[in-house]
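These are the residues of each chain, in order.
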Amino acid sequence: MKGNGVTGNANPLRRVGALVDGARDWWEHAKAWQRYLVYLGAVVFALILPAPAIGSFMSPGADWTSVLIYPIGTYILLAVGLNVVVGQAGLLDLGFVAFFAIGGYSVAYFGTQYGWNYWATVAFGIILAAVSGVILGAPTLRLRGDYLAIVTLGFGEIVRITANNTDEIGGARGITNVPHPTDIPGVVEFGLLPAPYYYLILIAIVLVIIFSVRLQKSRVGRAWAAIREDEDAAELMGVPTFKFKLLAFAIGAMIGGLAGGIYAGKAVFIEPNTFPFILSATILAAVVLGGAGNLPGVILGAFVIAWLPERFREVNWLKDVLDRDPAEYRILLFGGVLVLMMALRPEGLLPSRRRRAELHEGTGGMGTMGAEVAGPDTDVTTTEAAK
Amino acid sequence: MLLEIKDIHVHYGKIAAIKGISLEVDEGEIVSLIGANGAGKTTTLKTISGLRPLTSGKVVFNGEDISKMPGHKRVMAGIGQSPEGRGVFPGMTVQENLLMGAYTRKDALDADLAEVYELFPRLAERKNQFGGTMSGGEQQMIAIGRALMTKPKVLLLDEPSMGLAPMLIAQIFEIIKEINKRGTTVLLVEQNAQQALKLSDRAYVLETGRVVKSAPGPALLDDPQVRAAYLGGH
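Top to bottom, those sequences are chains A and B. To convert, note that position 264 of the first sequence is 263 in numbering that gives the first Met the number 0; the numbers rise steadily by one, no gaps. To convert, note that position 222 of the second sequence is 221 in numbering that gives the first Met the number 0; the numbers rise steadily by one, no gaps.
Worth flagging that the hints you see were computed from the coordinates, not collected in a lab. Hints are supplied without guarantee of correctness; some may be wrong.
[Claimed, not checked] In silico DMTMM-like cross-links for lysine to aspartate or glutamate, where the CA-CA straight-line distance does not exceed 25 Å: (1) B:Lys-57 with A:Asp-231; (2) B:Lys-150 with B:Glu-3; (3) B:Lys-105 with A:Asp-231; (4) A:Lys-216 with A:Asp-24; (5) B:Lys-176 with B:Asp-222; (6) A:Lys-216 with B:Asp-109; (7) B:Lys-67 with A:Asp-231.
Using the sequences plus the hints, can you model the full thing?
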């Protein structure tokens, strides 16, 4: 059923779709200076985003800058990381929160127990996350599709439960008094005010986006695209598929670890339940909803997923209609909106053209589920008459 | 001998798909494997190209034992495959698909690309179209062209005629002949035994994981047993 609903019929979002296509055409033919102007515009927009004028609409009930840090900024960072794994290499990872946890715990543990410098703990957390990504990937990346999903799901839970049962890192009580980021004298002080953390996470997001785009355009990106679209064919082209899948896991894990480190530095307190399975699922939903593989889409998806439930706390007309606190119904509303969006734009809010072609073919990443089933000559005949 | 397979056994889980197949392909030949569904034809090709591990036996290519070499290195050694069901990258354009074939190469590609477009003018017309939106026959052309871009010494073709209209089948076989004439050895797996045998220097008949017969292609065309089983004749 993938992608079928998209081509035909009068769909209220079709005009939006046409608009998106138009923008994409313009972008493809835009000159370098025009593109840089757009980048500049995006950065300026992000810089002034915490302005109270915007916040009064976006987040009337809670501090807008704090909402921008968590969940919005953190989700975006995580989604860009998971997009490397799911969107670029096409590996279904249901345990991504594990790397977020490893990054967070590194900062918390080495900061409180050994008094390491915050930035050192973040760097160490990133390395630790990458190593654990490789450790998870090495035995499991020989699996495909659903099997990989199940194993990664298990990994996410193992990390959480291990944290829960290890007294050395606080057990179920977690770690309190996690140090804030070290001040940079004369430039910025990290205290209780949220603004510096917002700009910290913004810098992290921008760096990660640049990194991710560079990768996508490199030989590595081409190899990932081939693996995502047809793993066997990729191997037949001379792509060392296993190594590249491992690399995708490690890079995704690093970005997850970075997000965890920044989160812990702001939150001051972390515990195992900060890293539940549902967070993995939410980030995956953000990637898929936005349009896996397409960075602007993924960022938009993460924004929507993070922002909507917060915004729904304050839907005041609902308060009048239902005579109840809308906060109680916000997840219900959120679910409804998700279902609606996936029904209207099943390929994601902003899918890339290429992704769309993949989905129409019925392959590509999570659609493949290419588990090899035992049986002599598994003839998956995709027979189709030529015209 | 360019390619030699010695008594290979391959398992899917506990099920033996190949129970001791030996075959040889000499430089410049077209050799085909024919047989019914489940005979082990595709598995044999996958084993040669390294997509399936061996349980026992040996694959020798160019005098070197490559039984343990991973698939992506066999490409560099000179084994190119057009996989079963074509395996075109749907989200890449025709040209990008062909360039994927040259992924491991560092030498100049222009001449080879031009040659593929010359063999398949249809692809030249549609360079910038997504692979996934091409028809079955065109996808088959992409798959073969892409395999040629790896500059193979031996080209493994898995059911190039599958799902194609008769006109196109004839055309594809013509092209295979032409590719062979230009110096690439071809190992062909086909259910379309008639066409394959006509084209082949030699052929092996596979049945449930074993070679039951091997002879020059035209001779098998006249073999009463083969005719009865695979050619629908008497």
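Consistency of the hints with the structure:
1. Of the pairs offered as hints, the one joining B:Lys-57 and A:Asp-231 holds, with about 22 Å between alpha carbons and a cut-off of 25 Å not exceeded.
2. A hinted pair counts as satisfied when its Cα atoms are at most 25 Å apart, and B:Lys-150 with B:Glu-3 qualifies at roughly 20 Å.
3. A hinted pair counts as satisfied when its Cα atoms are at most 25 Å apart, and B:Lys-105 with A:Asp-231 qualifies at roughly 22 Å.
4. Distance restraint check for A:Lys-216 and A:Asp-24: the Cα-Cα separation of roughly 19 Å lies within the 25 Å cut-off, and the hinted pair is therefore satisfied.
5. Our distance criterion of 25 Å between C-alpha atoms is met by B:Lys-176 and B:Asp-222, whose separation comes to about 23 Å.
6. Taken as a hint, the A:Lys-216 and B:Asp-109 pair is honoured in the structure, with Cα atoms around 21 Å apart against an allowance of 25 Å.
7. Under the criterion of a C-alpha separation no larger than 25 Å, the hint pairing B:Lys-67 with A:Asp-231 is consistent with the structure, at around 17 Å.
Checked against the numbered hints given earlier, this structure breaks none of them.
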